[in-house]
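What follows is each chain in one-letter form.
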Amino acid sequence: MSTSEKTILKIKGLRLEGVRAGNVIVDDVDVTLHAGEVLGLIGESGAGKSTIGLSAMSYARAGVHIAQGSIEIDGIDIRKLDAGGRRGVRGRRIAYVAQSASAAFNPSHTIMDQVCEAPMIHGLMSREEAESWARHLFKSLDLPEPETFGNRYPHQASGGQLQRAMAAMAMSCRPDILVLDEPTTALDVTTQIEVLILLKSLIREYGTAALYITHDLAVVAQVADRIKVLRHGKEVEEGTVDGVLQAPTQDYTARLVAVRGAAASERADPTSVKPEIVLKVDHIDASYGTFKVVSDVSLDIRRGETVAVVGESGSGKSTLARIITGLLPPTAGTITFKGQVLPRSLAERGKDLKRTIQLVYQIPDVALNPRQTLMETIGRPVSFYFSMGGTNPVKQGGHQTVQESVGRPSSLYFGMGAKDVDKRTKELMDLVELPQSFLTRYPTELSGGQKQRVCVARALAADPDLIILDEPTSALDPLVAEEILKLLRRLQVELGLSYMLITHDLDVVHRIAHRTAVMLRGSFVAFDETEKIFAGPYHPYTEKLVNAVPVMRSDWLDGVLAKRAAAAAA
Amino acid sequence: MKILGHKPTASAWFGLVVMGLFVIVAIFTPVLAPYPESANIGGTWDEPSAAMWLGADQIGRDMLTRIMYGSRMTIGVALAITALSFLIGIVLGFLSAVMGGWVDLFLTRLVDVMLSIPGLIFALIILGVFGSSIPVLILTIAVLDSTRVFRLARALGMNLTVLEYVEAAKLRGEGTWWIIRREILPNASAPLMSEFGLRFCFNFLFIAGLSFLGLGVQPPYADLGGMVRENAAAINFGMMAPIYPATAIALLTVSVNLVVDWLLSIEARPSGAQAEL
Chain A
1 MSTSEKTILK IKGLRLEGVR AGNVIVDDVD VTLHAGEVLG LIGESGAGKS
51 TIGLSAMSYA RAGVHIAQGS IEIDGIDIRK LDAGGRRGVR GRRIAYVAQS
101 ASAAFNPSHT IMDQVCEAPM IHGLMSREEA ESWARHLFKS LDLPEPETFG
151 NRYPHQASGG QLQRAMAAMA MSCRPDILVL DEPTTALDVT TQIEVLILLK
201 SLIREYGTAA LYITHDLAVV AQVADRIKVL RHGKEVEEGT VDGVLQAPTQ
251 DYTARLVAVR GAAASERADP TSVKPEIVLK VDHIDASYGT FKVVSDVSLD
301 IRRGETVAVV GESGSGKSTL ARIITGLLPP TAGTITFKGQ VLPRSLAERG
351 KDLKRTIQLV YQIPDVALNP RQTLMETIGR PVSFYFSMGG TNPVKQGGHQ
401 TVQESVGRPS SLYFGMGAKD VDKRTKELMD LVELPQSFLT RYPTELSGGQ
451 KQRVCVARAL AADPDLIILD EPTSALDPLV AEEILKLLRR LQVELGLSYM
501 LITHDLDVVH RIAHRTAVML RGSFVAFDET EKIFAGPYHP YTEKLVNAVP
551 VMRSDWLDGV LAKRAAAAAA
Chain B
1001 MKILGHKPTA SAWFGLVVMG LFVIVAIFTP VLAPYPESAN IGGTWDEPSA
1051 AMWLGADQIG RDMLTRIMYG SRMTIGVALA ITALSFLIGI VLGFLSAVMG
1101 GWVDLFLTRL VDVMLSIPGL IFALIILGVF GSSIPVLILT IAVLDSTRVF
1151 RLARALGMNL TVLEYVEAAK LRGEGTWWII RREILPNASA PLMSEFGLRF
1201 CFNFLFIAGL SFLGLGVQPP YADLGGMVRE NAAAINFGMM APIYPATAIA
1251 LLTVSVNLVV DWLLSIEARP SGAQAEL
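Respectively, the protein sequence lines represent chains A and B. To convert, note that position 541 of the first sequence is 541 in the numbering used here; the numbers rise steadily by one, no gaps. To convert, note that position 174 of the second sequence is 1174 in the numbering used here; the numbers rise steadily by one, no gaps.
Heads up, some of the hints might be wrong.
Going by beta-carbon spacing under 10 Å, a handful of chain B positions derived as facing chain A [stated by the list, open to error]: (1) Glu1047; (2) Ala1051; (3) Ser1133; (4) Leu1163; (5) Ala1168; (6) Gly1173; (7) Trp1177; (8) Leu1192; (9) Met1193; (10) Ser1194; (11) Leu1277.
Hints in this document: simulated from the structure, not taken from any laboratory. Glycine included, C-beta positions come from ideal geometry on N, C-alpha and C.
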């Protein structure tokens, strides 16, 4: 990490405000970057890190206004330049790599066209020179078939490939500064590590300074020289990577660091598990048309247990959830729920059966109807399943319901009038630790963590036996995700719920899952108690997954590279 | 001043004011009009005077009165057509989006067939067979126009059906009707409202056009298109008579369009802000 003394980027007193309300988004932040240095900007959503990254190019998104501050690139204050001057700087001296590669590429032009666009516009290279430089970049970024990769259209490349192509596009003018806005957040763990390695080597090779924006401390530890922690638009702490991670001076930083470390000690509570088997999946196959997505999957979940299904995108874990809920009928095999065979498709299942398996989605923004208040969202399942005229499974000599185990008479839940629905909705809000006054609010007025709690409350409203959680914390900030995990654990112990947790985050799996299944390309490669799966000896894919998860140590990536070099040499 | 939470632009103000005037006139015509609808007061194509502000039409009726009643008729008919076509189009469009499968296939192919027949010819045939009474007029054009509304509603519905909250409702076991009413419709209302304004303009022009051809609203009812037809010969004598109803048509169409433009621009960028470069 060779850095020189030359200050390549100097932002002083940056202040960004919202245009309509005048609210402060970034408050008096300074950023100093030396040539060849990598500065990590850490913070949660709303901290202002992306906004600062963009304002380094003197760009503010719609609704945001740069109120104050000087932005100097190599000594020239770009805020004082005219629009043309700024255009000349962007792409040439400073380039931006966005979070979502598919949104950054124009789908109707080839990748080569777009990578060559910047140097040609800035008059730096002719088309032929730009193309050969692009091919050189493709090769160093380890893209498949670098000679012809540029001829592909964006939709013909995978997520990881597009992300690397975007890095090539950013490097096409050999800029002095790169702004990397969460470049690996949207990628799988195994793809992430490859992209990280390549980004790091790219930055080193060309001596580019970089602003690395992310909320993942372990990732930033691998790439950055210094870290700056942000919160609510203000700077919390700045220091060297090791300094901030090993010995944080501020409370907030310490909390962020601690969340990552919790995975090392916390484990799922075994006392909540009862021997009764709630869900049993036997040798399920499923296909979309002729394409087989799930083959020969078997698992079982006991009462009060959490079974995690781990895998990468395309492994079929979300499809498994759809099969169990009945949205995709399996082509072979059976699913048994509490001793009874589940009808294969949703339409064949009765109302009560639909009630007992609930689903919590990954992105709370689309999981909640933005035009319904919380009262309607949570109250609807209550009145739908339990209002007057509904069936009472207890009276029909059915199973022991959850409410009886909590000591409440089941008559409260069946034949409910409007007032009872109201009361129950308020109880549910208490259960997920949300204030009852929120019931009149709309989802757009809530934060991500609060919305996810509402999703959990909606699932609980149906009084289910099994809740399938599809990546419940992936879209949330680490501290917020922490709270949701705590809530889920508490509810499992209190209410005796069973969870099927679909995730790619191995830390979450360690902390909450009793048993884990590892899924690869539609089938399970391992299914056992969590401890046993991750203690080894490993299935080769499990080993790959485990080794790809970044550890919060600045030399971890170098260690991985050294191991690979040793393995290659051997 | 803000309307619906947003400040209208200058052109939107023009549109809103003119539209508002037309609506008031259309509703209160019997009270506001200076003369009864078919009263003969002056001679053919009299010049504008104190008694008749816009002069007389081809058989001596007050032009201003005729325009007021004509607007009332044309706006009323166009509104009825648009409302009916939206009712049909939205119900079928959302049904198609939510249910998918055979229902979707059947409805889209049916709409494709209807759209492949030239609208004007189709309308003329139906009107020729069944006569040009107002109910037939409204029904025919509404059914024809509902195909376009169907397409929009179906597109909106398809975007919304795949969202997780609709899936959550389906998993719960909610009926199709409930999903359409509570999950899809509230979230599709903004683009549909703008479309309502646009289709109103088209229907308005279509009715005026049919009346101009003699197949729309029949005399003695006043209708703007019919008035243009009846007064057209005055142009040969350098008189302004047909210009007045034609201007009324143009003013209403333009003003509704301006308002719809403004609504669409709000939809596209609710905060009204631009990026700072």
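Cross-check of the supplied hints:
1. Interface restraint check for Glu1047 of chain B: the shortest CB-CB distance to chain A comes to about 54 Å, outside 10 Å, so the restraint is violated.
2. A least Cβ separation of about 54 Å between Ala1051 of chain B and chain A goes past the 10 Å threshold, and the interface hint is therefore violated.
3. Proximity of Ser1133 of chain B to chain A is violated relative to the hint, the smallest CB-CB distance being about 41 Å (cut-off 10 Å).
4. The criterion of a C-beta within 10 Å of any C-beta in chain A is met by Leu1163 of chain B, whose closest approach is roughly 5 Å, and the hint holds.
5. Annotation: Ala1168 of chain B was flagged as interfacial toward chain A, and the flag holds, the nearest CB pair being 7 Å apart, inside 10 Å.
6. Hint status for Gly1173 of chain B relative to chain A: holds, with the closest Cβ pair at about 5 Å, below 10 Å.
7. Given hint, Trp1177 of chain B at the interface with chain A, is violated; its Cβ is 14 Å from that chain's nearest Cβ, farther than 10 Å.
8. At a threshold of 10 Å, the smallest CB-CB gap from Leu1192 of chain B to chain A is about 13 Å, leaving the interface hint violated.
9. With a least beta-carbon distance of about 14 Å to chain A, the hint placing Met1193 of chain B at the interface is violated under the 10 Å criterion.
10. Taken as an interface hint, Ser1194 of chain B does not check out: its beta carbon lies about 17 Å from the nearest beta carbon of chain A, beyond 10 Å.
11. The restraint placing Leu1277 of chain B at the interface with chain A holds, with a minimum CB-CB distance near 6 Å, inside the 10 Å limit.
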